[in-house]
Structure formats: C-alpha cells, structure tokens
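Join these two chains into a complex; the hints should help.
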Amino acid sequence: MKKLIPLFIALLLSACNSNPSVSEMTIRMGNTGNIEIVDMRSIVRNGLLTAQVTVKNDSNSNLVSYRFKWLGKNEIAIFDDEAWKPITIAKGQTGTIIGIAPSPDATDFRVELNQYK
Amino acid sequence: MRALNKSIVGISFFSTLFLLAGCSGPQVRYGDAKAVETVTVDYGSTDLQSIAEAMVRSLLQTKVISGSKYAPTITVADVKNKTTEYIDTRVITDKIRTQLLKSGQVRFAVNINEMQSQVDELKRQNQSGLYKSNTISKTGNMEGAKYRLEGSISSIVKQTKDVKDVYYVFNLNLIDNETGLLEWADEKEIRKSATR
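Taken in sequence, the protein lines are chains A and B. Reading the first sequence from the start, the letters are residues 0 to 116 in numbering that gives the first Met the number 0. Reading the second sequence from the start, the letters are residues 0 to 195 in numbering that gives the first Met the number 0.
Just chain B, with the same shape it has in the complex (with noise of 0.2 Å):
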C-alpha cells in the first residue's frame, strides 16, 4: 500500500513537471539586427541593408554629390518591384534616404507621398488664422529637388528538387529633374540558393 502511495506520489510529481515545462512558452530573446540573415531564400533583412548601403556608398562618390559645392537636393521617386515576392521597396528608399542625410552631403525634398501631409500642414499654418503671421510658414516656397532616385528591383528564380535558387538585382538612377540626364545608375546583384 505504501508502495502503490509512493507510486502515485512520484507519478503526479513528474507529471507536473512536464505540464509546468510545455506551458512555459517559447524562449524571446533579442538578436543583433545587422547579422546575416538566412532563415530562407525570400527577401530578407541582409538584402535589405547590403543593397541600401551599396546604393548610397556609390552614391556619395558620384561627381554630382561629391563634387558639388553645395549640397543638392534630391527627391526620392518609384522604385518598381518586378520581383514575384511582396517587397516593400518603400523601406529601401527610406534607408538610403536615411544614409544619405547622415552622411550631410545631400539634402532631400519631400517625395509625392509626402506631399498631401505637406500641403496639409501648410494650409493649416497659412489658412486656419490660428498662428502669429511671423512665424508660420508661407507657401510658395518650397524647394524643388534638382534631382530624383528611381529604380527597380528584379529576381530570377530557378528551382528543382534539391536545389532554390534565387537571383535579386536592384538598380537605382539618379536623374537630373530640369534636362533629364541620368547622372548615376548603379546596380546590386545577390543570389541566396538553399540546398535541401
């Protein structure tokens, strides 16, 4: 009887313990986010930051930056995905955008997406009668961009049984607004393969 007691006690107390460690839940912890990524072939974080960074290292060498006595200003336009995955291509021309104003040679004028929030907010200064006439901001003097980025990223992907293999180029052109002169193109080629 005493045994059987025993028995049970020592079943119930296992039991548990394994109830109490499948409850627990997953372990978080936070991870470094410029490590190199490779959970899968798809886009990633890793693509993300090489290409930003690529783009605006060539960029700042182009002579047009680099060699002009004043900052110019740019706007960033359309980069077109032609990839089959969804990429927001908004996050790659933020980061450059980003990079760019951080390195102090190039000022950046409100793209097309920024502009409704812009009027907005300039109507609201200019027409709403709530602010002292010296300190708000008129309009009619914005700064148009002498320059604009546009660009696309593309990807060919090939697979078999074993083997996935996937090839990403974005290329991204910088283009005189006023003649329509391509000033600088540059390109950033990856190819991610996973091998079962």
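For reference, chain A alone in the conformation it holds in the complex (with noise of 0.2 Å):
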C-alpha cells in the first residue's frame, strides 16, 4: 500500500492539470493530417494575448488555412469565427503563424487547420 501513495498522488496531479496539450489546442479539419504542429506558444503583450504556431508541411499539398479562436473565462469563445486565412508552405518547409487576440478579454486559445480548394 505504502509503494502505491507515490502513484495516486502522481495520477491526482495530472488529474488536477488542467493545461491542455497541443493536440487538444489544435482543431483540426479536412485533410491536414500531415501538418505538424512543431511548437506553440503564447504571450501577453500590450495587454493582448498573443499566440504564435510553428507548423510543418510533410505533405506534397500546400493548401493550408488556419485561425484561432480566442477564450474567456470558463472557454468562452469572446469573439466571433475569424476568416479562415491561407498559408502557403511547401513540403519539409516549417512556417510560423502568429495569432494577436481581437480584445484584451481573451485568456486562452486554439488554432484551427483546415485545407482549402
């Protein structure tokens, strides 16, 4: 029993943590199974949340389109959907994508993927 408390605290922790992964921050839809989110980041900067996303292509297409959308408190979303942008990053090429948030509201984020035609 004693060898086992280690254990249950370690799980109570992490059941406790409630930073989201970078999976769980990325939504993704269409095919963009092969863009790999290498590194995310956030900060605040003259009072706005500011998020910046590195992705690789690993795929032959390069028709990518991301946003973000911005959270509250309790994950509300505090703006409207942004418009969908494009990035272009050919295959092996890692580009980075910066997200400022639309009001000083905005405590968390998600980045969303998408392809375009």
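Calculated from the structure, these hints are not laboratory results. Hints may be right or wrong, so weigh each one.
Claimed, not checked - Using 25 Å as the maximum straight-line C-alpha spacing, the simulated SDA-like pairs for lysine to any residue come out as follows:
| # | chain 1 | residue 1 | chain 2 | residue 2 |
| --- | --- | --- | --- | --- |
| 1 | B | Lys145 | B | Gly43 |
| 2 | A | Lys84 | B | Ser151 |
| 3 | B | Lys81 | B | Lys157 |
| 4 | B | Lys187 | A | Gly32 |
| 5 | B | Lys94 | A | Ile97 |
| 6 | B | Lys33 | A | Thr95 |
| 7 | A | Lys84 | B | Asn80 |
| 8 | B | Lys187 | A | Ile96 |
| 9 | A | Lys68 | B | Tyr29 |
| 10 | B | Lys94 | A | Phe78 |
| 11 | B | Lys187 | A | Ile97 |
| 12 | B | Lys191 | B | Glu36 |
| 13 | A | Lys72 | A | Ile99 |
| 14 | B | Lys33 | A | Arg27 |
| 15 | B | Lys33 | A | Ile77 |
| 16 | A | Lys68 | B | Gly43 |
| 17 | A | Lys90 | B | Val162 |
| 18 | B | Lys33 | A | Thr25 |
| 19 | B | Lys33 | A | Asp80 |
| 20 | B | Lys187 | A | Leu62 |
Unchecked claim - Which residues of chain A face chain B? A few of them, derived with a C-beta cut under 8 Å, are:
| # | residue |
| --- | --- |
| 21 | Asn45 |
| 22 | Ser64 |
| 23 | Ile75 |
| 24 | Ala76 |
| 25 | Asp80 |
| 26 | Trp83 |
| 27 | Gln92 |
Predicted model only: the values in this text are computed from it and were never measured. Where is the CB? At the ideal position from N, CA and C, for every residue including glycine.
Given below as structure tokens:
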C-alpha cells in the first residue's frame, strides 16, 4: 500500500492539471493530418494575448488555411469566428503563424487548421 | 402497332423528364462567409477579411491605444485605391472600424462622409422646435478625433500566357491630428496567382 501512495499522488496531480496539450489546442478539419504542429507558445504583449504556432508541412499539398479561436473565462469564445487565412508552406518547410487576440478579454486560444481548394 | 405506341409513350416520358430537369434551375446553397475564396485572382472576400484583421490586431498593440488610460478617439479618413481594379475601400475601413469598436479599446468620431447626416440630425433636433429642450443633442458639443486613419491599396499585376500573378499591398497609417505625427503604420501583403 505504501508503494502505491506516490502513484496515487501522481495520478491526482495529473487529474488536477488543467493545461491542455498541443493536440487538444489544435482543431483539425479536412485533410490536415500531414501538417505537424512543431511548437506552440503564447505571451501577453501590450495587454493582448499573442499566440505563435510553428507548423511543418509533410504533405505534397501546400493548401492549408488556419484561424485562431479566442477564449475567455470558462473557455467561452469572446469573438466571432475569424476568417480562414491561407498559408503557403512547401513540403518539408516550417512556417510560423502568429495570432493576436482581438480584445484584452482573451485568456486562451485554440488554433484551427483546414485545407482549402 | 402496339410496339409503336409503347415507343411513343416511352419517348414522350423521357423527353418530359429531360425537359423538367433542364427547367429546374440552378441549385442554391449558403456557403461559409469566412471560407477561403479562390474563384479568381481579383480582389476578393478573403483579401478583405485578412487585411482588416491584420490591421486591427496590429493597431490594438500600438502604444497610443494599449498604453492609453482612456480609449482614444479616431476618425477614418480616405483609403486610396491605387490598383487597376474596382475596390470599395470604404468596406475595408468599415470592417476595421467595426472590429476596433468591438474590442472596446477605441472610440470613433464621425468621419467626413458621415458629417452631413450628423449635421442634418443636429439641425433637426435644435431648429425644428419639435423636441423637448432637455432631450435634444445640443450643437457645439461634438468631440473631435485625436487621430485619423488613412492609407492606400496598390497592386502589381504580371501576366504571361499561362500564369497571372497579382501582388497587393495595403498600407494604413495612424496620424495625430494635432501634431501631424505618424503614430503607427503597418502594411499587409497578399500574393495570388492563377495558372492554366
């Protein structure tokens, strides 16, 4: 029983951890399985949440679009859906997407990826 | 004879079907207003949306807005269309103004294009004699804008037999009306190409 206590504590702490993973913060639509999220980070700059996402294209198709969803308290969306923005990344190329929140009420974000024709 | 009658009935039936199919008209469906539009290389909805969003997000970070204790007052001046296409630049600035107002960080004063309706409304309230004096908006109390937004959109078009390439650049500046200083400037570049 004593040997199991550290395991229980570790499980309890992991359950209490509310930071979502990169994959949980990425919403994929369409055929974007070959777009890899290499890095994701954010900072509050001049009162606005700024997100930076680095993506790598492992597919032959470079027709990818993205947008950010900005969340406030209780993960409620604080703004309308953004427009989809196309990004051109060649196969094997890494690209950086930067998003700036539309209002100081944003405390979290999600990045949405989609293909476009 | 019976075979002939059957043939006539069959031909009439299928002819009617084809006629009805031809007369049914185009199929209409709603699309996603935010989707990427790639119908032609001409200026389109995705360009408008991406320009407005980029300008707003950059402008919200500038010191005169983010560092200001009170929401500064801005007015929208002219955005010149220097391209060879017809582009309604008023839609771009309206979109920018709407998004800035929704952020709550900026206030807008009526611009030159809206002044006439503002003056007409004030005249109506103050000079018609129809309104209670304690409810009218009095003349001489309009608030001047501290800054103004103005800019331009230009394009470079190159075309061969198989390729048409269009490059747009949208410039926007925030100018202090009193000092004439350029407080913020940013640009958005877009490239679109079409191949046969």
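Checked hints:
1. About 32 Å separates the Cα atoms of Lys145 (chain B) and Gly43 (chain B), which puts this hinted pair outside 25 Å; it is violated.
2. Between Lys84 (chain A) and Ser151 (chain B), the direct Cα distance comes to roughly 21 Å. Compliance with the 25 Å bound is thereby established for this hinted pair.
3. Our distance criterion of 25 Å between C-alpha atoms is met by Lys81 (chain B) and Lys157 (chain B), whose separation comes to about 16 Å.
4. A distance of roughly 29 Å separates the Cα atoms of Lys187 (chain B) and Gly32 (chain A); the hinted pair therefore is violated under the 25 Å criterion.
5. This hinted pair checks out: Lys94 (chain B) and Ile97 (chain A) have alpha carbons roughly 21 Å apart, not beyond 25 Å.
6. Distance check on the hinted pair: Lys33 (chain B) and Thr95 (chain A) sit about 21 Å apart at the alpha-carbon level, within 25 Å; holds.
7. For the given pair, Lys84 (chain A) sits about 23 Å from Asn80 (chain B) by alpha-carbon distance, which is consistent with the 25 Å threshold.
8. Taken as a hint, the Lys187 (chain B) and Ile96 (chain A) pair is honoured in the structure, with Cα atoms around 15 Å apart against an allowance of 25 Å.
9. With a C-alpha separation of about 23 Å, the suggested pair Lys68 (chain A) and Tyr29 (chain B) falls inside the 25 Å cut-off, and the hint holds.
10. Of the pairs offered as hints, the one joining Lys94 (chain B) and Phe78 (chain A) holds, with about 14 Å between alpha carbons and a cut-off of 25 Å not exceeded.
11. The straight-line distance between the Cα atoms of Lys187 (chain B) and Ile97 (chain A) is roughly 14 Å, inside the 25 Å bound, and the hint therefore holds.
12. In summary, the hint linking Lys191 (chain B) to Glu36 (chain B) is supported, as the alpha carbons are separated by about 11 Å, within the 25 Å threshold.
13. About 17 Å separates the Cα atoms of Lys72 (chain A) and Ile99 (chain A), which keeps this hinted pair within 25 Å; it holds.
14. The hinted pair formed by Lys33 (chain B) and Arg27 (chain A) meets the criterion: a straight-line CA distance of about 16 Å does not exceed 25 Å.
15. Taken as a hint, the Lys33 (chain B) and Ile77 (chain A) pair is honoured in the structure, with Cα atoms around 17 Å apart against an allowance of 25 Å.
16. For the hint pairing Lys68 (chain A) with Gly43 (chain B), the CA-to-CA distance comes to about 23 Å; that is within 25 Å, so the pair holds.
17. Restraint check for Lys90 (chain A) and Val162 (chain B): the C-alpha separation of about 22 Å stays at or below 25 Å, so the hint holds.
18. With a C-alpha separation of about 19 Å, the suggested pairing of Lys33 (chain B) with Thr25 (chain A) holds against the 25 Å cut-off.
19. For the suggested pair Lys33 (chain B) and Asp80 (chain A), the alpha carbons sit about 8 Å apart, so the restraint of at most 25 Å is met.
20. About 20 Å separates the Cα atoms of Lys187 (chain B) and Leu62 (chain A), which keeps this hinted pair within 25 Å; it holds.
21. Of the supplied interface hints, the one on Asn45 (chain A) holds, with its beta-carbon coming within about 4 Å of a beta-carbon of chain B, less than 8 Å.
22. For Ser64 (chain A), the interface hint holds, the least distance from its beta-carbon to any beta-carbon of chain B being 5 Å, beneath 8 Å.
23. Violation of the interface hint for Ile75 (chain A) is found here, the shortest Cβ-Cβ separation to chain B being roughly 15 Å, above the 8 Å cut-off.
24. Because the beta carbon of Ala76 (chain A) sits about 13 Å from the nearest beta carbon in chain B, more than 8 Å, this interface hint is broken.
25. Given hint, Asp80 (chain A) at the interface with chain B, holds; its Cβ is 6 Å from that chain's nearest Cβ, closer than 8 Å.
26. Taken as an interface hint, Trp83 (chain A) checks out: its beta carbon lies about 5 Å from the nearest beta carbon of chain B, inside 8 Å.
27. Because the beta carbon of Gln92 (chain A) sits about 16 Å from the nearest beta carbon in chain B, more than 8 Å, this interface hint is broken.
Figure legend: structure checked against the earlier numbered hints; hints not met, in rising order: 1, 4, 23, 24, 27.
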